[in-house]
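Participant: Residue numbers (the working numbering), protein chains in the order written: chain C, 1 to 415; chain G, 1 to 415.
Hint data in this document are derived by calculation from the structure and do not stem from the laboratory. By construction, the Cβ of each residue, glycine as well, lies at the ideal position given by its N, Cα and C atoms. Check before you lean on any hint, since a few could be wrong.
Under 8 Å between C-beta atoms, here's a sample of chain C residues computed to sit facing chain G [claimed, not checked]:
hint, residue
1, V21
2, P74
3, H91
4, D95
5, Q96
6, I109
7, T114
8, N117
9, S127
10, A287
11, A298
12, A300
13, F388
14, Q389
15, N391
16, R394
There are 2 protein chains.
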Amino acid sequence: MTEVKAELVSVGTELLLGQIVNTNAAWISEQLAEKGVSVYYHSVVGDNFNRLAEVFLEAGKRSDIVFITGGLGPTEDDLTREAFQHISGLHIEEDQGTINKMEAFFAKINRTMTPNNRKQAHVFQDSKVLHNSVGIAPGIIVDYNKTLWVFMPGVPREMKAIMTEEVLPFLKETFVLKTVIRSRMLRFIGIGESQLEHNLRDLVSNQTNPTIAPLASEGEVALRLTAKAENNQEAEQLIDQIELKIKKEVGQYLYGYDNVTIEKTVFDLLKQKHLTIASAESLTGGAFASKVVEQGGASAIFNGAAVVYQPSSKVSALSVNDELIAAHGTVSKECAEAMASQVKKVYQSKLGISFTGVAGPEELEKQSAGTVYISICDHNNKHYTERFQFNGDRQTIRNRAVKKAFELLFYHLKK
Amino acid sequence: MTEVKAELVSVGTELLLGQIVNTNAAWISEQLAEKGVSVYYHSVVGDNFNRLAEVFLEAGKRSDIVFITGGLGPTEDDLTREAFQHISGLHIEEDQGTINKMEAFFAKINRTMTPNNRKQAHVFQDSKVLHNSVGIAPGIIVDYNKTLWVFMPGVPREMKAIMTEEVLPFLKETFVLKTVIRSRMLRFIGIGESQLEHNLRDLVSNQTNPTIAPLASEGEVALRLTAKAENNQEAEQLIDQIELKIKKEVGQYLYGYDNVTIEKTVFDLLKQKHLTIASAESLTGGAFASKVVEQGGASAIFNGAAVVYQPSSKVSALSVNDELIAAHGTVSKECAEAMASQVKKVYQSKLGISFTGVAGPEELEKQSAGTVYISICDHNNKHYTERFQFNGDRQTIRNRAVKKAFELLFYHLKK
């Protein structure tokens, strides 16, 4: 078939009350656009039997695929299955696989499974049950009245897992999609969005296929190259050609592709070079350490962190010289460097990195919120220290400091 | 009239491509809920004449008020007016006020007004033109076929200004809104959604006003009580009554109301009791510390953390006895308790809390991913230690451990 028409139905009264934003719809739409599936409608409807049934009827008339999220939980106001059964007449049956999974789960956490939980195992006759790798309620695909109906939980984490692992591969088999759309993300750090756009302005404006879309996120910027072609190979070639031109202009800021993060990139560099690191954190309060530990196998490169949020603990936990603190204050180059070299000693790592500054909102030691010192102490005990002035609220300042540290480590390690 | 039924139509292909998230719908819905207007549907449709007309027709049939955002701009693919004219037959005329405003604007920036800009002054015959205090395109209200049609620009800033300054006051005059809707959120921790729903099932199923809606989020669950009444006081009374009944059943799990978080609740309890805390973190890698430091003024209750990700650093940074580790392993009650009492000493705090376990995906010391020990060491050096088995991927296990710690601290401190 040439074009696949799809629509999304999000179920949940909390959406209609404006208590949560419908991020699921945007995410699913983006995934489908990349696969060449055209999304023509989004609808949101509450946990109401009649309105659900009515919306499903309408959707079935006009779309080849209907994606339904939410209303599959164990509680009484989860009515998605019931409403669809009402319009389709399909029997609901219990999926034994899911029942087994639930019983194992409740046994594992030593809780008894309440009866209403069984509802989460309800699927339709002749439906395909979609494995939920991060939760209990499975997804369901059922072919009814020339339309493909895809049911997924409303919890974003579970929906995304089922969509990625089950639904998208299934769609790829089922529909032979004529035009392929391929995207590649180029990730840059250490250059601002406007600077990047400025350097590439001629390239971007004369460019139609692939398209070049700049995307700024906290402390870094990415370019999404999207090519349409008859097949993947052709699309990839188009992307390769434009990537070469981009690299000529701003290649020195490129750190990775697609879903690679700067954190992962730094992690890999440390691993390659057989280096270990430890952090001494004041205003960041362990946020840097936590980011590092997000990586599986962090133990290969990460020894630990001292979160020394109080001046006293800088002394007691890292034996930073209290005369140094008295002389220069905790928000100082001197304190940052002492923290970096001390945490190396205490945690027996090859590199040390430290954060000290003012998260705000109040100023500290007469220094304004956003003032942050970051120091790297390398394996030869040489210090690389910089002072930054970040803008934003408390959380933003802390996040920017952590992101900046990965940027500094990236350029330090790739030398 | 007793109930006003409304729905939202958001116009824009960028929404269907997932390039932007539909935050307008959530914001408008929240505003309307507070005014007692019931929103029954959200729809999103692209910049397509026929599909727009079709969606407008459907909306007009089922709603008293239809809010339409987007598609009012000057460009070719802004088709909202044209599609509505097609179904209503209403004449489009130029609003002189808007024309004057635009001419003044372009004069001010010394630019000549391009012809396509005049389109932004197009309104319907007999419609009410809504002043746009932050942009050019005005909003429009027109009464057609027993439905009130409200047109606003899609730019959130402009939509919000018009909604607040023009639409909401107009609705208040037009509909004597008899009913007010009030919501209260009850927040519980230490009980699962299905268990809560099970304990309250009679209450919930026999309950119409206020309604009781369970909402589960990571590691906790909330109940939203929503009452309709003649006035606020009456609504609050209805909510108070049902809250009492709920407390009889599950009051021991209630930790707070509305936007209060468990983290903030624990923070306040520590402050009240003049207690300070420090954490020793292995698998959580500083995530607990970072959560605490999110609270402004954390220094009043938080001394710091030792992120001891390696067995060696448990010894070097916290001088946990290495024979203890050799005998029991790091994933053990004994190690957890040693970490909790040692971090208290090193960081000179009144309480210590520790995390040790297996974040996964691989098992560790022959223990499966998700096995976590959390220990609290109180000001009398008494330990409260529990072993948990969490499910999910690496990040989920770490987040659940941190959330669980706040739960344990809550029950420990409220004694």
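Participant: Each hint needs a verdict: does it hold in this structure or not?
Facilitator: We went through each hint and held it up to the structure:
With 8 Å as the threshold, the beta carbon of C/V21 comes within range of chain G, its nearest partner Cβ sitting at about 4 Å, so the hint holds. Proximity of C/P74 to chain G holds as hinted, the smallest CB-CB distance being about 5 Å (cut-off 8 Å). Against a cut-off of 8 Å between C-beta atoms, the interface hint on C/H91 is violated, since the closest Cβ of chain G lies about 24 Å away. With 8 Å as the threshold, the beta carbon of C/D95 stays out of range of chain G, its nearest partner Cβ sitting at about 18 Å, so the hint is violated.
Violation of the interface hint for C/Q96 is found here, the shortest Cβ-Cβ separation to chain G being roughly 20 Å, above the 8 Å cut-off. Nearest Cβ of chain G to the Cβ of C/I109: about 6 Å, under the 8 Å cut. The hint holds. Restraint check, C/T114 versus chain G: the minimum CB separation of about 4 Å is within 8 Å; hint holds. At a threshold of 8 Å, the smallest CB-CB gap from C/N117 to chain G is about 5 Å, leaving the interface hint in force.
The beta carbon of C/S127 comes no nearer than 23 Å to any beta carbon in chain G, farther than 8 Å, and the hint placing it at the interface is violated. Interface restraint check for C/A287: the shortest CB-CB distance to chain G comes to about 4 Å, inside 8 Å, so the restraint holds. With a cut of 8 Å, the hint placing C/A298 at the interface with chain G holds, because the nearest CB-to-CB distance is about 7 Å. Interface hint at C/A300: violated, since its Cβ lies 10 Å from the closest Cβ of chain G, which is beyond the 8 Å cut-off.
For C/F388, the interface hint is violated, since its Cβ never comes within 8 Å of a Cβ in chain G; the closest pair sits about 18 Å apart. Against a cut-off of 8 Å between C-beta atoms, the interface hint on C/Q389 is violated, since the closest Cβ of chain G lies about 20 Å away. Taken as an interface hint, C/N391 does not check out: its beta carbon lies about 17 Å from the nearest beta carbon of chain G, beyond 8 Å. The closest approach between the C-beta of C/R394 and any C-beta of chain G is roughly 6 Å, which is under the 8 Å cut-off, so the hint is satisfied.
When each numbered hint is compared with the structure, violations occur for hints 3, 4, 5, 9, 12, 13, 14 and 15.
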